[in-house]
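Undergrad: Each chain is listed here by its residues.
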Amino acid sequence: MKTLALSSLLACLLAGTAMADNLRVGTSADFPPWESVNEAGDVIGFDRDVIDEVCKRIEAECTVANQAFDGLLPALQVGKFDMVISGMSITEERAEQVDFSGAYAEPPYRFAVAAGSDLAKIEKREDLEAALEGKVIGVQTGSTHEAVVRANLPKSEPRLYERNEQIADDLNAGRIDAGLLEQSVWEQLMEAREGQLSFAGPLLSSADYAEFGNGTAIAMRKGSDELKKRVDDAVASMLADGRIAELSNKWFGYDLSYKAK
Amino acid sequence: MSVILTYLPHLLQGLVVTLQVAAGSFVIGLLIAVLAVFGWNFGPRPLRWFISAYVTIVRGLPELLIIFLVFYGGTVLLSGAFGTYVEVNALTAGICALSVVSGAYLTEILRGALLTVPQGQWEAATSLGLSRMTAFRDVVLPQMLSYAVPGLGNQWLVILKESALVSIIGLEELMRKGVVAAGATHSPMTFYLTVGALYVAITGVSTLIIGAAERRAARGR
Amino acid sequence: MSPDIFIKAAPVVLQGLQLTLIITIASFLLGQLLALPLGLARQASSPLLRWPAAVYTFLIRGSPLLVQLFIIYYGLGQIPAVRNSILWPILREPLYCGIIAISLNSAAYMAEVVAGALRRVPKGQTEACISLGISRRHRLTDVLLPQVYRELLPNIGNEIILVLKSSSLASAVTIMEITGVARAFTARTFAPFEVFITAGILYLAIGFAFTFLFRLLERRYGITGTRTPAPEASA
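Protein sequence lines correspond, in order, to chains A, B and C. Under numbering that gives the first Met the number 0, the letters of the first sequence match residues 0 to 260, in that order. Under numbering that gives the first Met the number 0, the letters of the second sequence match residues 0 to 220, in that order. Under numbering that gives the first Met the number 0, the letters of the third sequence match residues 0 to 234, in that order.
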C-alpha cells in the first residue's frame, strides 16, 4: 500500500515537472509601453503581459531577462534564451536566423519632426518622401526603421542612435530633420516633452514600406518546432478571444493586435 | 537638483556594479598577466610568441571593439568550444572583455617590473640551491610585485574609466544608469555631470589609496 | 565563420576609414596644440595659471572619455542658450563634438606629460639663459621646448595611437567611423566575428602605419636612448 502511494506520488510529481518547462525569455526593456523597467527593477509592459499569458497557455514557467536589443537574437541563437519578445518585427533577414511565431501585433509607425518644422504640415506620404530628400532622419541601430529609410529614402541620410530618447533630443536640438519610430513610442516621448515634437505625414505600416516587416512576433531558435507549435496556438487563441486586443487597449489605448490580411 | 536626489539610489547601484566589473576585470586580468609572465619566462618559444601576439594585438585595438567582439562573438565561441550553451550574462561578458584588455597591459607592467628586479637576486637564489621555480615564486615574484605597484595602480584607474564602455552593451553600471536617468528626465547635462563627478570621486579615492600602497611597497628600498 | 562574410565585410568596414582618419588626425593635432599651453600652465609660477590647469587635468583624467563626449554632444545640445549661440554650427555636428571631446581629453593627458618633462629640465639651463640675457620667450622656444619635445617624441607617438583608439567612441554619438559601420553591419548580418575581426585588422594596420611614421621621426629628431614604447592604456 505504502509503495503504491509513494510511487503514485512520485509519478504525479514527475508528471508535474514534465508538464511545466522552464523557459527563459529575453527582451530589451527600453521601449515603453511595449517593455520598460519600473522603479522596482521589474520588466513591465505590453510584451510582458503578452508573454505571461502565452506562458500560461502553454503551461510553462517563464523568466524574463532584460538586455540590449541588438544582442537579443544572437543570444537566442546560442541558447541563452528560449524565446525573445521585444516588439520585434518579422523580417526576411531575421527569419533566416530564427523562427517566428505567428504575429500578435502590428503597430503603426510614423515620422516625427521638431514642432514648428515645415515638414509637420505635410499630410501625404508621397509629399513627405519628396520633402525628406537630402534630409537627415534619426532611427535606432539595427531596427526595421533603419532598413525602411535605407531602402525607400535613398536620398536621405539615416543617422543611427542607441536609444529613442536620443532621437527625440537631437530632433529638438535641430541636429536631425526627422525621426522614424513606432507611433506608440512617439506618443510616450511626446508626452514627456510637451510641445517639442510633431508628427509628420500619415500613419505607416508594412503596406507602405515592406521593410517594416510582417507584424510583431515572438522569436525562437530555428528548429524549435514543438515550442513554436505551442506558442502559435497560444497566440492564435489570444487573438481569437480578444485577449491581445484587451492588453493592447490597456497599454496603448488602442487596438494594435494583428489582423490577418 | 532634487531630480538628482530621486535618481541617486539608481546611480549608486550603478556605481556598485561599476566597482564589481572593475574589480573582477582587474583580478582576472592580473591572473592572466601572472600566468603570461610565467609562461614568458619558463615556457617554450611558441608560447612566448603567442603571448607577444596577444599583448600587441590587444593593445593596438580600441577597447570598445574588443568589448563588442567578446560580447557579441564570445558567447558563440564559448558555446561552440564547450559543445553546450555556456551561460554569460552582461556582467560576466563585461568582465571577460575588460579582463582580456587589462590582461594585456598588466602583462607588460609585470614584465617591466620583473626586469627591474636586479639580476643579482636570481643569481643569489639559485646559488643558494633554490630551483628556478622556487626562486621565482619566493624571491623574485614578491619583489616584482612591489615594483609593479605604481603600474598596477594606474591600470586600476584605467579599468575604472574603461568600465563605462560596457554601458554600451547594456550593462547596468554607472554610465548606463546615468544615460537612462538622463533619458527619463531629459536633463542630460545634469546627469552626465553627476555621473562624471561620481567617477572623479572614485578615481580620486583610488588615487589616494594607490599612493599609500606605493609608499608602503617602496619601504625598505 | 564563413569566409564570404569577411569578403563582404571588408569594403563596408573601409567606408568608416575616412572618418576614423579625420577624427584621429584632427583630434591629435588639436590635442597637441592645447597640451602645450596647458602643460606650461601646470608648471607656471603663478597659482592663477597653475590651479585652473590642475583642476582641468584632474577632472578630465578622472572621468571616462565617454562621459565627456556625452556631456559635449547631448548635454550641450539640450541647452537653449548653447543652441542660440555662435558655437552652435560647430556643436551641432556630431563629428566636431567628437573631435572636440577627444582633443580636450588627449590634451589633459599630454599636458601632464609635458609638465613632467619641463620639470625634469635641469635648473641650470634656466639660470644660464637668464645670465646670458635670453628673453623668457626665447628661453622657451629656443632652449626648453626643443629639448622637451624631442625627448617626448616617443610619448607623442604613443598618444596618436591612443587617439586612434579613442576615435572608436565617436560611434556612440552616431558617427559612422570604422566601429560604427562595423556595428551597424553586424546588426544586419548577425555575423559579429567576421565583421569585428575585419575592423580590428584595419585598426591594427592604421596603428602600425602611425607607429612606423613616428619611428622614422624619432630616428631623425629624437634624442637617442628613447624609443616609442608600445601603447599604454588610457581611457
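Simulated from the structure, these hints should not be mistaken for lab results. Wrong hints could be hidden among the right ones.
[Unchecked claim] Calculated lysine to aspartate or glutamate pairs in the EDC-like style (CA-CA distance at most 20 Å, straight line):
#	chain 1	residue 1	chain 2	residue 2
1	A	Lys249	A	Glu190
2	A	Lys55	A	Glu190
3	C	Lys7	A	Glu92
4	A	Lys55	A	Glu210
5	A	Lys134	C	Glu92
6	A	Lys120	A	Glu105
7	A	Lys55	A	Asp41
8	C	Lys7	A	Asp41
Undergrad: Taking the hints in turn, state whether each one holds.
TA: Status of the hints after comparison with the structure:
no.: 1; hint: A:Lys249 with A:Glu190; verdict: 17 Å, holds
no.: 2; hint: A:Lys55 with A:Glu190; verdict: 33 Å, violated
no.: 3; hint: C:Lys7 with A:Glu92; verdict: 16 Å, holds
no.: 4; hint: A:Lys55 with A:Glu210; verdict: 32 Å, violated
no.: 5; hint: A:Lys134 with C:Glu92; verdict: 14 Å, holds
no.: 6; hint: A:Lys120 with A:Glu105; verdict: 26 Å, violated
no.: 7; hint: A:Lys55 with A:Asp41; verdict: 19 Å, holds
no.: 8; hint: C:Lys7 with A:Asp41; verdict: 41 Å, violated
The structure is inconsistent with the numbered hints 2, 4, 6 and 8, although it conforms to all the rest.
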